[in-house]
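Residues per chain are reported as follows:
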Amino acid sequence: KQEVTQIPAALSVPEGENLVLNCSFTDSAIYNLQWFRQDPGKGLTSLLLIQSSQREQTSGRLNASLDKSSGRSTLYIAASQPGDSATYLCAGLLNTDKLIFGTGTRLQVFP
Amino acid sequence: NAGVMQNPRHLVRRRGQEARLRCSPMKGHSHVYWYRQLPEEGLKFMVYLQKENIIDESGMPKERFSAEFPKEGPSILRIQQVVRGDSAAYFCASSPRQGANEQYFGPGTRLTVT
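For the protein sequence lines, the chains are A and B, in the order given. So for the first sequence, our numbering puts the first residue at -10; every next one is plus one. So for the second sequence, our numbering puts the first residue at -14; every next one is plus one.
By construction, these hints were calculated from the structure, which means they are not laboratory data. Please note that a few of the clues may not be correct.
What the hints assert, rightly or not - One-sided excerpt, in silico: chain A residues whose CB lies under 7 Å from chain B:
#1 Gly32
#2 Leu33
#3 Leu38
#4 Thr85
#5 Asp86
#6 Lys87
#7 Phe90
#8 Thr92
Stated by the list, open to error - Computed far set for chain A versus chain B, every beta-carbon distance over 12 Å:
#9 Val2
#10 Ser17
#11 Gly49
#12 Gln70
#13 Val98
A virtual CB, placed ideally from N, CA and C, is assigned to each residue, including glycine.
Based on the sequences and whatever the hints tell you, model everything.
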C-alpha cells in the first residue's frame, strides 16, 4: 500500500530563508509526483509536476526534485516570502490513476 | 478555458438530509476524480469516473455515498442521510485521459452537517 509522508509537519521561518520540504513514498511505482499549495479554507494550486522519468522541475523560486529509487522528493523554496505561507502537499500518481497525498507541511514565513 | 467548477462552494445540511455536490470538469476532460479532506486530515481518494462509467470506487464509503458522471451534465457526488462525520471539504479533479500527466482541481465544496 502506497503511503506518502511529509517532513516537517510544520515550519516557521523568517522572511528570506531558503527552505527544503521533504516528501517520501513507500512504493517507487509512481507515474509522477505533484506538489500543491493549499491556503486555509481554499482549494489546491498545482505548483510543479515531475514525471517519473524526470529528476527535477523548476518554476520561479521553486524547484522540485524526484528520486524514485530512494522514494523521495524535495521542494526547495528560495528566498521565502510571507506570501509563501500555506500548506504544501505532495502527491504521487499511481498506475490506477489515483493521487495519494502526503500529510502536508504547514509553512509560516514571518516578516 | 474555464477550470474545474464545483458547486455549491459551501453546503449546510442537517443530519439525515441528502447532500448533492456537483463538479463540471474542464472543457475536453472526460475523467473525473473525487477526493475528500476531513478536518485536520489529508486528502483521500474517493472515486474515479469516466463518462457513464465508474472506474475505481475503492475509496468510497460502503454506504450512503454514490457518484455518477452522466453522458450530459456534471459529475454528482451524492451523500444520503448525512451524519456529522461527513463534514469535510470535497474536491473534484479532472483530466483529459487515463494516465494523463496532471489532474486539475476545483475549488472544493465545504460540507457542514449540523
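These are the hints, each one checked on the structure:
{"no.": "1", "hint": "Gly32", "in the structure": "holds (4 Å)"}
{"no.": "2", "hint": "Leu33", "in the structure": "holds (4 Å)"}
{"no.": "3", "hint": "Leu38", "in the structure": "holds (5 Å)"}
{"no.": "4", "hint": "Thr85", "in the structure": "holds (6 Å)"}
{"no.": "5", "hint": "Asp86", "in the structure": "holds (6 Å)"}
{"no.": "6", "hint": "Lys87", "in the structure": "holds (4 Å)"}
{"no.": "7", "hint": "Phe90", "in the structure": "holds (4 Å)"}
{"no.": "8", "hint": "Thr92", "in the structure": "holds (5 Å)"}
{"no.": "9", "hint": "Val2", "in the structure": "holds (22 Å)"}
{"no.": "10", "hint": "Ser17", "in the structure": "holds (17 Å)"}
{"no.": "11", "hint": "Gly49", "in the structure": "holds (18 Å)"}
{"no.": "12", "hint": "Gln70", "in the structure": "holds (24 Å)"}
{"no.": "13", "hint": "Val98", "in the structure": "holds (22 Å)"}
The structure is consistent with each of the numbered hints, conforming to all of them.
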